[in-house]
Amino acid sequence: MEVMTSDHQVRSVNEDQCQMCMPLGGVIAFKGIEETMVLIHGSQGCSTYMRLSNVEHYHEPVDIASTALNEKQTIHGGEANLRKALDNVIRVYNPSVIGILTTCLTETMGEDLDLMISAYKHDRNLQGVDIIPVPTPSYSASHTEGFWSATRRIIEHYARATAETSGINIIIPHISPADIREIKRIIDLFGIEYTLIPDYSMTMDRPFGGNYQKIPPGGTVPADIARMPGAQATIQFGLTCPEQLSPGEFLRRKYNVPLFSLPLPIGLKNTDRFISVLSELSGRPVPEVLLLERGWLLDGMADAHKYNAEGRPLIYGEPELVYALCTLCAENGATPLVVASGTKTGNLETLLSPILPDACEKTIFLEGTDFAAIDQAVEDQRVNVAVGHSGGRFLTERRGIPVLRIGFPIHDRIGGQRIRSAGYAGTLSFLDRFTNALLEMKYGSYRQHCLEETRGKGGY
Amino acid sequence: MENTCSVEPKAFINERQGSIIASGKSRANIHCADDSLAGSVSQRACVYCGARVVLNPVTDAVHLVHGPIGCATYTWDIRGSLSSGSEMYRKSFSTDMKERDVIFGGERKLAVCIDEIVMKYHPPAIFVYSTCVAGMIGDDIVAVCKLASEKHGTEVIPVESTGFSSGNKIVGYRAAADALLRLITPKDGVDVKKTKKLNFLGEYNLGGEKWLIEGYLQEMGVGINVAFTGDSSVAALKQAPGASLNLVQCTGSMHWLAMRLEEEFGIPSMSVNFFGAENTAESLRRIARFYDDEEIIRRTEILIEREMGRILPGIRWYKEKLVGKRAAIYVGGAFKAVAIIRQLRELGMEIVLTGTQTGKPEEYENLSNLLDEGTIIIDDANPAEIEKFLIEQKVDVMAGGVKERVLATKLGVGFVDHNHDRKECLAGFDGAINFAREVYITTCTPVWGHIRSPFNMEAADGSHDE
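Residue numbers (the working numbering), protein chains in the order written: chain A, 1 to 460; chain B, 1001 to 1466.
Chain A with its partners taken away, still in its complex shape (with noise of 0.2 Å):
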């Protein structure tokens, strides 16, 4: 696949990655289920390297087993790799579900996952471990499909015709702990019950205390799982999810469950979407503390509108974050001048272009792109704010931009997993985040700014 850049140039060759690899989505969201384990059926390299992109973004221990293949391995097959390392995880760890990730290595090598699983659940007569196989080679997508096809997998793992609940499904795409736990509260306030799908808010962001353990507590609850078809209905932030990969489609489709699918609610119009859904499925009125945290934020945007339209940002990193966060700077007066995804299926171009307002200038749109490209795209349109993951920190260093860090991998700063930005009161809290950015680049320049472009041109 070639890199598209903003002046039409197509190049083979990938500079400064904007993404990460298709099984790391798929720890994260296994992370997401209860008392489970991920092992990557690969080399040894590919578990390391996504332990320590997890752990410096949720500084939290990450553990990832691998079947460590090598040389051998390879030639021959990797199957009874794979079943001592089954044995080891459960020994060790003793997990309720094992994730099993495929790498490239595997994918190549045409590993046939299913069959060496069951031949190994029928020789050791295992019982109440259940082993998840999803197939992730990076060099077919990225961690956010990665994420997709795994949660997607889990789901029809555990689905089952079952008798109607008064519950509601929310599958979330990959968003900090912290907006886990928002978008709870905010469900909690309408007073419904739900399954929320994958749910790494407290295993991925644990607070100190307790005894350290090997699986931290929390997750979705395969029971549970097993219930979502029939629940009332889908809520799946998910827009830019392509369909054949889509949770919410399966349920949708496979147990005829409606599905809303909504856009992340970051944002004020994103958020009323996502509230007026819950007040039409609860049939409750929207609670007062939320009226509230609308008028709060509200006043701040109106407090802070003429300081928000001198932004001229950058938004890039995982499409459906993107999308929201364009939402939301656009609502705001900030009108989004490059929009960027190292992802190339979110759809980003069809789906923000007839939204995004009339502004004097045209959005550029990458995607399936690298920073190389991203950086010509910041230059040609003389971006002066970016919103992102810290592989945009060079932006800074080189040119002096403001990098507001949201989403992931936030390797430079402390406290990524804990950046909330869902719901009224989140989008205040990004919202004044960028704000700052632009009045503190303000105030470090304007003087002199003045004193270069304006004296000596008005004839005194």
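Don't take every hint at face value.
In silico PhoX-like links for lysine-lysine, alpha-carbon gap of 25 Å or less [what the hints assert, rightly or not]: (1) Lys1423/B with Lys1394/B; (2) Lys214/A with Lys1410/B; (3) Lys442/A with Lys306/A; (4) Lys1325/B with Lys344/A; (5) Lys1238/B with Lys1196/B; (6) Lys1151/B with Lys1238/B; (7) Lys1394/B with Lys214/A; (8) Lys442/A with Lys457/A; (9) Lys344/A with Lys362/A; (10) Lys1360/B with Lys72/A; (11) Lys1410/B with Lys1325/B; (12) Lys362/A with Lys269/A; (13) Lys1388/B with Lys214/A; (14) Lys1388/B with Lys1410/B; (15) Lys1120/B with Lys1151/B; (16) Lys1394/B with Lys1325/B; (17) Lys84/A with Lys214/A; (18) Lys1360/B with Lys1388/B; (19) Lys84/A with Lys1388/B; (20) Lys121/A with Lys214/A; (21) Lys1091/B with Lys344/A.
With the C-beta cut set under 8 Å, the calculated list includes, among others, these residues of chain B facing chain A [stated by the list, open to error]: (22) Gly1039; (23) Gly1070; (24) Ser1094; (25) Lys1098; (26) Ile1137; (27) Ala1384; (28) Val1402.
What the hints contain is simulated information worked out from the structure, not anything from laboratory work. We treat Cβ as the ideally placed atom computed from N, Cα and C, and that holds for glycine.
Fit chain B to the supplied structure of chain A, relying on the hints for placement.
For chain B alone, coordinates are given in the frame of chain A:
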């Protein structure tokens, strides 16, 4: 001493038992050449990673990873190595292999990527790294690099670092050393002049460490020809055969290269260690003796006396705070482990656990002799083992890499970063103070006191005087 069985450190997985010993108590040798065990969560990386960390600090080279995207993503700007010139090494290039390339072969795409890089950047060298998939499908990167070299008249150097060939970074160090030899061996007709200067192998200029040591050597009257590979350039590396001495610091990554440089160019080598004040002084004296020059020796002594005098009061202050504290070490190689043991001892601390990802049998024997009897030694540890021993041994502070950091802090144990990515200078006399300070601020932070005591109404209402 009869009763030692009961305190033998135990592994969770029986097959791992041979990789854990107690110093002086076990006659059995540690198993450290084993491949990582499937299903245990090894801290090891891959061959490609080993090669990349060694070569990455070559500042003006392009580093192109021939493989699917992940391998490049995870190693972008991987080291804290600093540059006084080009920043090219901090970029990350990948051929971004896709399904099509895996099926039909990736050689053509690799050639196109090299063309594009040469057109855009004209780098003096491109290192082309092989990865698992490139190796698996049999792409001939050596041939592609040779053709591209001829076509563009620039150095295009294959690094044969197919990840699955081992889980052990050492194999990757060797692949990097091969690539470096290929780069520095003079082409026909090129003459590299001999100088009195020295090469500094295994110095990666983390936190400016190369610059610091270079300052000492300059004061002594000795020049650095080139460092392998901290703050090096392709042109400077090509002058490597002109040195009269090779200093070898990180033995894991550079021992083999030093041997080859001696064979090929007759450059003798000397092991040095600039971690810790005593080690630094000792190393500088040995370098001075090598040159056998009264003036150099005189200046070296002046330097050591001045620097020691400058830092010792500080070290003494930290020692008072740290004496008797219990430390654990889990790092990449044995060289680093030994250096840290010595430094922690200089601070009056007790070492209760030591381990490495890639130590060799003779290195473990050396470690075992160095440590107090009963100290736990562990090869290729997994988090479950680290956790177990941190708790059992009541460790106050651990030195290690990023993956161990959060485990330690989750257990309320202090942590000293000693990895590729660190930003602090830990070498030389200044580094000794920085190291002591790092150990102090994490071991003695007020935070541990707070998090170990549960919430208590009486203590929280402010009226409760202690």
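Do the hints match the structure? See the list:
no.: 1; hint: Lys1423/B with Lys1394/B; verdict: 28 Å, violated
no.: 2; hint: Lys214/A with Lys1410/B; verdict: 11 Å, holds
no.: 3; hint: Lys442/A with Lys306/A; verdict: 13 Å, holds
no.: 4; hint: Lys1325/B with Lys344/A; verdict: 53 Å, violated
no.: 5; hint: Lys1238/B with Lys1196/B; verdict: 16 Å, holds
no.: 6; hint: Lys1151/B with Lys1238/B; verdict: 21 Å, holds
no.: 7; hint: Lys1394/B with Lys214/A; verdict: 19 Å, holds
no.: 8; hint: Lys442/A with Lys457/A; verdict: 21 Å, holds
no.: 9; hint: Lys344/A with Lys362/A; verdict: 21 Å, holds
no.: 10; hint: Lys1360/B with Lys72/A; verdict: 22 Å, holds
no.: 11; hint: Lys1410/B with Lys1325/B; verdict: 19 Å, holds
no.: 12; hint: Lys362/A with Lys269/A; verdict: 22 Å, holds
no.: 13; hint: Lys1388/B with Lys214/A; verdict: 11 Å, holds
no.: 14; hint: Lys1388/B with Lys1410/B; verdict: 13 Å, holds
no.: 15; hint: Lys1120/B with Lys1151/B; verdict: 15 Å, holds
no.: 16; hint: Lys1394/B with Lys1325/B; verdict: 10 Å, holds
no.: 17; hint: Lys84/A with Lys214/A; verdict: 20 Å, holds
no.: 18; hint: Lys1360/B with Lys1388/B; verdict: 24 Å, holds
no.: 19; hint: Lys84/A with Lys1388/B; verdict: 22 Å, holds
no.: 20; hint: Lys121/A with Lys214/A; verdict: 24 Å, holds
no.: 21; hint: Lys1091/B with Lys344/A; verdict: 22 Å, holds
no.: 22; hint: Gly1039; verdict: 3 Å, holds
no.: 23; hint: Gly1070; verdict: 3 Å, holds
no.: 24; hint: Ser1094; verdict: 4 Å, holds
no.: 25; hint: Lys1098; verdict: 5 Å, holds
no.: 26; hint: Ile1137; verdict: 7 Å, holds
no.: 27; hint: Ala1384; verdict: 5 Å, holds
no.: 28; hint: Val1402; verdict: 6 Å, holds
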